[in-house]
Amino acid sequence: MSDPHEDKQLEKLAELWRKERETCRRRHLEERAETTLDERVEQGIALANLEVEETAAAPGERMMLWLAPRKPDALDGFRAGPGSPVVLWRESPTERDAVQAVIARRKGGRLGVMVDGDVPDRLFGDTFHLDQEAPQTTFDRGERAVAAFRQAAKVSDQGQLRKVLFGAHEPKRRRSPEWSVFDEELNEAQRRAVEQALSAEDVALVHGPPGTGKTRTLVEVVRQAVARGERVLVTAASNAAVDNLAERLIEAGVEVVRLGHPARVAPSVEARSLDALLEATHDYKLAQKWMDEAREIRRRIDARSSRGKSSRGSLSRAERAGMYREMRNLWGDARGHLRRVQGAIIDRTPVICATAAGADSKLLDDEEFDLVVLDEATQAADPIALVALLRAPKVVMAGDPHQLAPTVIDLEAEREGLGVTLFERLSDEAVMLEVQHRMHECLMTFPSETKYDGQLVAADAVVEHTLDELDGVVADPVRTGPLVFVDTAGKGWDEERSEEDPSSSNPAQAERTAAEVRRLVSRCVSPDDIAVISPYFAQVRRLRKLLDDVPGVEIDTVDGFQGREKEAVVVDLVRSNPDGQLGFLKDTRRMNVALTRARRFLLVIGDSATLSTHPYYAAFLEAVEQRGTWVSAWADEAEPL
Numbered sequence: 001m002s003d004p005h006e007d008k009q010l011e012k013l014a015e016l017w018r019k020e021r022e023t024c025r026r027r028h029l030e031e032r033a034e035t036t037l038d039e040r041v042e043q044g045i046a047l048a049n050l051e052v053e054e055t056a057a058a059p060g061e062r063m064m065l066w067l068a069p070r071k072p073d074a075l076d077g078f079r080a081g082p083g084s085p086v087v088l089w090r091e092s093p094t095e096r097d098a099v100q101a102v103i104a105r106r107k108g109g110r111l112g113v114m115v116d117g118d119v120p121d122r123l124f125g126d127t128f129h130l131d132q133e134a135p136q137t138t139f140d141r142g143e144r145a146v147a148a149f150r151q152a153a154k155v156s157d158q159g160q161l162r163k164v165l166f167g168a169h170e171p172k173r174r175r176s177p178e179w180s181v182f183d184e185e186l187n188e189a190q191r192r193a194v195e196q197a198l199s200a201e202d203v204a205l206v207h208g209p210p211g212t213g214k215t216r217t218l219v220e221v222v223r224q225a226v227a228r229g230e231r232v233l234v235t236a237a238s239n240a241a242v243d244n245l246a247e248r249l250i251e252a253g254v255e256v257v258r259l260g261h262p263a264r265v266a267p268s269v270e271a272r273s274l275d276a277l278l279e280a281t282h283d284y285k286l287a288q289k290w291m292d293e294a295r296e297i298r299r300r301i302d303a304r305s306s307r308g309k310s311s312r313g314s315l316s317r318a319e320r321a322g323m324y325r326e327m328r329n330l331w332g333d334a335r336g337h338l339r340r341v342q343g344a345i346i347d348r349t350p351v352i353c354a355t356a357a358g359a360d361s362k363l364l365d366d367e368e369f370d371l372v373v374l375d376e377a378t379q380a381a382d383p384i385a386l387v388a389l390l391r392a393p394k395v396v397m398a399g400d401p402h403q404l405a406p407t408v409i410d411l412e413a414e415r416e417g418l419g420v421t422l423f424e425r426l427s428d429e430a431v432m433l434e435v436q437h438r439m440h441e442c443l444m445t446f447p448s449e450t451k452y453d454g455q456l457v458a459a460d461a462v463v464e465h466t467l468d469e470l471d472g473v474v475a476d477p478v479r480t481g482p483l484v485f486v487d488t489a490g491k492g493w494d495e496e497r498s499e500e501d502p503s504s505s506n507p508a509q510a511e512r513t514a515a516e517v518r519r520l521v522s523r524c525v526s527p528d529d530i531a532v533i534s535p536y537f538a539q540v541r542r543l544r545k546l547l548d549d550v551p552g553v554e555i556d557t558v559d560g561f562q563g564r565e566k567e568a569v570v571v572d573l574v575r576s577n578p579d580g581q582l583g584f585l586k587d588t589r590r591m592n593v594a595l596t597r598a599r600r601f602l603l604v605i606g607d608s609a610t611l612s613t614h615p616y617y618a619a620f621l622e623a624v625e626q627r628g629t630w631v632s633a634w635a636d637e638a639e640p641l
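If you're matching positions, the sequence shown starts at 1 in my numbering and goes up one per residue.
No lab work stands behind these hints, which were simulated from the structure alone. Since we're looking at a predicted model, the values are computed, not measured. Among the hints, a few may not be true.
What the hints assert, rightly or not - Across the chosen pairs, the derived CB separations fall in these ranges:
(1) 508 / 172: 54 to 60 angstroms
(2) 304 / 279: 29 to 35 angstroms
(3) 321 / 91: 35 to 41 angstroms
(4) 474 / 347: 56 to 62 angstroms
Said to hold, decoys possible - Computed list of lysine-lysine pairs in DSS-like fashion (alpha-carbon distance at most 30 angstroms, straight line):
(5) 8 / 172
(6) 71 / 545
(7) 12 / 586
(8) 12 / 163
(9) 8 / 154
(10) 491 / 545
(11) 545 / 107
(12) 19 / 8
(13) 154 / 12
(14) 163 / 19
(15) 491 / 586
Glycine included, every Cβ here is placed at the ideal spot set by N, Cα and C.
Full structure from sequences and hints, please.
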């Protein structure tokens, strides 16, 4: 068992996790009970009047349903993305016949969802509705992980790891082993991070500011571990980050298996998903044959049962029991066979990739790993991180405490520590990557000075790269240089909220943002190279409508764009009010994410009078005056060139 200090911390963590779970469950039920379907649609958490337009078989005895809304633009405001659990319903989301599904992907004006088993007949012939579901499985897994660490014996691997994660013990290091780098282009800081990971006995940390090659560094760590004969579990807080790591490992020639629901796996790594690997085997075809035989027996039972007891050819009780027994045996043989084949695929593969929460999969119950890699460690609440950390005696965590924190709904739980991660508490032990390969030096300087102690250095290839260097792009005589601020002060473009949606929007500023995007396009910047980012989903929804005739431009929230980059980024800050209220913009980590997505050109639109009430934003405005271009919204209407 843990010592009193460690146990007290874990007990507190369990309490905060229960509080968060209850708040999430209560808020979800309240929102659904207190709002109409139309209001939930307005908030982007539901869809109305859907039809099944197409069905297709999906891996693992699942079906893909392509749903089409009757309103062509209905998906524009929908927030949920791949992997989100949803419920399909007609009369009520809680009705007995409601169908559970998982969002797979969007394609044009259609939404693809996956359901387990066959498609229920009730989804055909009429419209139905869709609501997001509150995830409970994640809370279950976190709860079990906290309990497992509390109960672990002191001499066990988890007990030793607990001393570093929750005790007063510093991470242990041994003499650095001899190693030869695989990726010759790793810089000095990246090599130091790899060396620390190889010499760690329990915990190593990699601090990766934006664009500094954190993923590349982790790929090298995994390749080195595999070369030493170790088994590695590669995890991250999000499916997108897992897929990114898996894709890079595959490119480096590492054999991986991607675990997870097919709807949550990116097409780029689908061929290495467990479902796809399983379906490529002869054993899968044999098991499918047994399942087909079982379904045929069930069809015969139903057909002969419908004739009535007195009809010729009807089943006797003994015949029915025998046929059911044969059917169950076939199903059992098929599923048992598939489980054994799945186990064999996992056993022979050196690297398994899954989300941190997905590391609790029953498929891994008997698997042993030498190393866990946890990316996005600063976005994983501690109970979720612990799900992954249970799997090995040693962990390499990577993240950036100056970007978005874990999403915590219960404000009291967040204040009491659930919003602070293991990585942050151990961050003094981290090796920070310093050379960034994304941003023009002008764009890098302010984030470096305010968040990274001025330590970031722009790589030679990006230090002075600009939009004008891209093929066909013409210069803008007014919006010059890589950093531009469009000041809306005094325009009277006040933010607003509706009763249906608590998210803030700014209609007039959205119009100006759309105009700035069109001006960029008029410079012959490809729409595929442009992103529009806003902290508020209500503004994102408005911008998507305004720019729906400019296909290719990506429009999303700051949270949704973390980990991404584009050549040109337009940031709409929304807030404009006489009281200088900034809402959650006061969490400057969100702004740090927004300011570090652009490679060559960053244009920020905001009200300087409102923003300057906060020291961080005042410093940003000063940086624009010193190194960028300040454009008043009064000076022009952002006409296309």
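Taking the hints in turn, this is what the structure says about them:
no., hint, in the structure
1, 508 / 172: 54 to 60 angstroms, "holds (58 angstroms)"
2, 304 / 279: 29 to 35 angstroms, "holds (33 angstroms)"
3, 321 / 91: 35 to 41 angstroms, "holds (37 angstroms)"
4, 474 / 347: 56 to 62 angstroms, "holds (58 angstroms)"
5, 8 / 172, "holds (23 angstroms)"
6, 71 / 545, "holds (13 angstroms)"
7, 12 / 586, "holds (27 angstroms)"
8, 12 / 163, "holds (16 angstroms)"
9, 8 / 154, "holds (15 angstroms)"
10, 491 / 545, "holds (23 angstroms)"
11, 545 / 107, "holds (17 angstroms)"
12, 19 / 8, "holds (17 angstroms)"
13, 154 / 12, "holds (19 angstroms)"
14, 163 / 19, "holds (25 angstroms)"
15, 491 / 586, "holds (23 angstroms)"
Checked against the numbered hints listed earlier, the structure breaks none of them; every hint is satisfied.
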